[in-house]
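Those sequence lines, one after another, are chains A and B. Sequential numbering of the first sequence, starting at 2, is according to our numbering. Sequential numbering of the second sequence, starting at 140, is according to our numbering.
Accuracy of the hints is not assured; some may be wrong.
Claimed, not checked - Straight-line C-alpha distance at most 27 Å; calculated DSS-like pairs for lysine-lysine:
no., chain 1, residue 1, chain 2, residue 2
1, A, Lys5, B, Lys172
2, B, Lys311, B, Lys172
3, B, Lys405, B, Lys179
4, B, Lys543, A, Lys102
5, B, Lys473, B, Lys485
6, A, Lys5, B, Lys171
7, A, Lys102, B, Lys573
8, B, Lys171, B, Lys311
9, B, Lys543, B, Lys522
10, B, Lys304, B, Lys179
11, B, Lys573, B, Lys522
12, A, Lys79, A, Lys119
13, B, Lys172, B, Lys304
14, B, Lys455, B, Lys405
15, A, Lys181, A, Lys228
16, B, Lys573, A, Lys228
17, A, Lys119, B, Lys522
18, A, Lys94, A, Lys119
19, B, Lys573, B, Lys543
20, A, Lys119, B, Lys543
21, B, Lys473, B, Lys389
To be verified - Pairwise CB distance ranges, derived in the manner of DEER restraints:
no., chain 1, residue 1, chain 2, residue 2, range
22, A, Ala75, B, Gly618, 47 to 57 Å
23, B, Arg524, A, Gly72, 33 to 43 Å
24, B, Asn419, A, Thr37, 29 to 39 Å
Unchecked claim - Computed far set for chain A versus chain B, every beta-carbon distance over 10 Å:
no., residue
25, Asp21
26, Leu35
27, Ser54
28, Glu81
29, Asp180
30, Ile182
31, Gly254
32, Asn258
Hint data in this document are derived by calculation from the structure and do not stem from the laboratory. C-beta: ideal position from N, C-alpha, C; glycine also.
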Amino acid sequence: MSDKRIDEATNTETMGHEWDGIEELNTPLPRWWLYTFYACIAFAVGYAVVYPSIPLIHEGTHGSFGWTSRGEYAAEQKAEAAQRAPMLAALAKTPIEDLPKNPDLMRQAVAGGRAAFKVNCVQCHGAGAAGSVGYPNLNDDDWLWGGSLTDIQQTLTHGIRYPGDDQTRTSLMPSFGHDKILTPAQVQDAASYVRSLSGLEPKGAAAQRGADIFAVNCVACHGPDGKGGRPFGAPNLTDRIWLYGGSREQVVGSITNAHAGVMPAWGQRLDPVTIKMLAAYVHSLGGGEAFATPAPVAK
Amino acid sequence: MVSLNPQGQPKRKQRPLPSALKPKPQNGLYEKKQPIFPRKIDGRFRRLKWGIMAACLAVYYLTPWLRWNRGPYAPDQAVLIDLAHRRFYMFSIEIWPQEFYFVAGLLIMAGIGLFLVTSAVGRAWCGYACPQTVWTDLFQHIDRWFDGDRNAQIRLSNAPWTANKLARRLAKWSIYLLVSVATGGAWIFYFADAPTLFHQLFTGTAPAIATSTIAVLAATTLWLGGFMREQVCVYMCPWPRIQSAMLDEKSLIVTYKDWRGEPRGKLGGKASGGDCIDCNLCAAVCPTGIDIRDGAQIGCITCALCIDACDGVMAKTGRPRGLIDYATLEDSDKERAGAPPTPHAKLIWHARTLIYLGLWSAIGCALLFALGTREHLAISVAKDRNPPFMLMSDGAIRNAYLVKWRNMEDRPRPMRLTLNGIPGATMWSEEMGKAQASRQLTRTIPADQTEPLRIYVVAPAGTAQQPLGFILTATDTQGGSVHYDTRFDAPEGGQ
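Same shape as in the complex, but just chain A (with noise of 0.2 Å):
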């Protein structure tokens, strides 16, 4: 079969094949790319050797070092873990009132709070804190419960109406009319005039009739104006937010079947400095608010 030749035009030897008249010329490739391709052979069994690789029956080989991805993930938890414990001690150490004066601390906890409300808080808050129909918004000014750091703190740490927890934020309106304290029309009027506080109805006929009823029957928590009672957790009846709807067959719903909701006391699940850093977040998104009283001096 060999019938190497000297090409003339290319003065290149051929391969020795002809296809119908077509030659193929030798031309060699370099040794040393041969020998780069042993030794990416070499490289080939050394790294299956040294990482786990094969996969056998029940398991694979687990590599001389006993390297996994998941012992890399847990190295680098680890060691972001470490990164984070001075800032975490220091807000352990912090009291929540004395954050503030921390401007530095304060901006690392919020951040923290932000990664911890997508984890636990979203599924009813809302990925922006905006709450819905019956869950709160967290971004705007109006507090059930008190918008101060250390409100919010002892709210998300004994929760609200959480079964389990002696200091938990609990307080229960009654259903007026499913539980015939008022009648029908009583409730209708009620409504009126918890509308015409926030100027969603004209103080009509019907709003004056009911607020005899209210002087009556919700002054003890919501107040004689209406401006709600954080001690029981009233809602302000006047401004413009509602809770749970402000039309008037969403009213005269909260008046006959009251609405009692529900928020696990975080302080059983999370530790007390994730909870502070929650806080710090919720605090920030907009509507958070001064101390009430000068901040206590911690002892």
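Add chain B to chain A, keeping to what the hints say.
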């Protein structure tokens, strides 16, 4: 277009080769690397090469050590790629990451610059300025310095491995290593303050990334410059392949003027008749080990050392210089027909060169213009989209924005942010209370910094969705103002 086959002979020159050419030795399917021992030569192109080599090495090694005063807030290194702080400093120019198009523009200019050079003077990049060429040249000089010139090198290469040879080789390779480490070492100075890093390197406190970069670059320099050399040009580098597609009959290539040289033969010998005395000096000086008399080929980096060699021989034999010379194929055809050689300066200027030059300068001017007119003040606004707006207890509507105040000067600047639109709206930042809300905020932005600030804008109840802008004004004597137009969201019907 001249297409070259792997052996390098141009296909369009299919005339019979000189009979003196012997077939290439065959090595089966894999070819052993042929050692190359280029002979020392002097001449006009060698001196040009010396000059360019000195300039390239000087620029490479000295640039990081140049200082440039940028005041107290910025580094004083003239050329610095500050990856940690995401800044690129080049003398009076400072590039921010969002201005990376300047760097992209420079890369485009470098690309077109290669086309321009190729169009004007062929593979001059390969022959003179390519780092592979410069460092190979450097290593070949080290070879000569240690082992003597070509013949001595061949003798030593063929000699058995005695203790003496081993010692000489080890000494030479350790100099290779030293050059390689210095090459890698110079590179990292572009990425950190050179004197500090230099000190750190010698006290062992340099960051691991610096030492590992030196190690990688030293290894590649040693391997590619010390041992692979012309193999890089012939087998690894894509550029010669690209260039063989770019060269045409108007491209300057190193040409053996066979119509003048053939038939070649020893001076006074029987076959003599052409100017070529077959002294093989042109092949002996070639750093890539080719014989230019075989015609244009991919291994020819057009370093022109064979021109120097041949010119010397022509002078000694009393014949005119330029038996081997830069020439275009077009010009070669004319000369073969009896016309005198065209001066090189005339060959450089043709339409394509001018088009590339125009394109290259246009991009350069555009970049310079953009650089000269850019603002050193910038604002960017990201509006909160979840929730898009917020109803407050008094019915007012609030939107939130993340406003970035950017000061690109090398000193702190006082700035003022003003609301543009919605007359009744006010704003306040996360740092202050709602009580201090107003139409404008002031703040001093540190030198060379971007400061993000969350801004709340509150508009009275009933405000409809509408455009809203922010204006950022520098309130120092230099002044300047930029604005950003965004949107104020509100519930439909203002409710």
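In rising order, the numbers of the hints this structure does not comply with: 26
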